[in-house]
Amino acid sequence: DLPYTQRVILEGPQGENVRLTAVFDDGSMVGAIDSAVFRKVAHRLSALKPSSRWLRMANGVRVPSDGVWEGKVTVGGVIGRGAFEIFAGGGSWEVLFGKPLLREFHAVHEYSTDTVVMGAGDVRVVLPNMSRTDATTLGENPVTSITESRASLQGLPGVRDPSRR
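Read left to right, the sequence shown gives residues 266 to 430 (this note's numbering).
The set of hints was computed from the structure by calculation and includes no laboratory data.
Note that the structure is a prediction, hence the values are computed from the model and not measured.
There may be inaccurate statements among the hints.
As the list claims (entries may be wrong) - List time: in silico BS3-like cross-link candidates among lysine-lysine, alpha-carbon distance up to 25 angstroms:
no., residue 1, residue 2
1, Lys364, Lys314
2, Lys337, Lys314
3, Lys337, Lys364
4, Lys337, Lys305
Make a model of the complete structure from these sequences and hints.
Quick look at the structure:
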């Protein structure tokens with residue numbers, strides 16, 4: 266099976282948008298950016314903060330963090346704050362979107378359809394696995410659907426409650 270991947274946007278200090286591809290990994294206890302990838306985009310992001318963390322890879326090897334990047338993160342139009350440890354991940358991914366970030370973004374992976382439902386409150390987005398879609402035909406960050414509760418739409422100009430005909 267293919268890993269679930271999705272486009273993430275990290276915001277720099279001057280409002281720059283840094284677009285990277287993240288592997289969603291609910292087994293990872295941190296968010297992470299591969300250090301080689303970070304070096305290429307570091308000039309567009311805020312400086313790293315020191316980190317004393319060591320990260321254990323799937324093969325058991327321990328790798329020190331180069332620091333942590335914190336800032337505004339957007340996925341499928343959903344905006345949140347994120348922290349990413351920077352370390353040498355070996356180049357098999359750009360970003361790991363680990364369990365703390367999945368929790369922050371209220372993400373639920375629907376394994377039967379290989380989509381992620383994300384968002385909180387009245388607005389939720391359904392994001393397909395980019396590994397299974399052609400991003401060139403669907404756009405940069407395809408959203409399959411957006412749902413809003415009736416309560417969130419009440420009072421908006423031109424919006425009528427369909428139950429009141």
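Against the structure, the hints:
no.	hint	in the structure
1	Lys364 / Lys314	holds, 21 angstroms
2	Lys337 / Lys314	holds, 15 angstroms
3	Lys337 / Lys364	holds, 17 angstroms
4	Lys337 / Lys305	holds, 19 angstroms
In this structure, none of the earlier numbered hints is contradicted; all agree with it.
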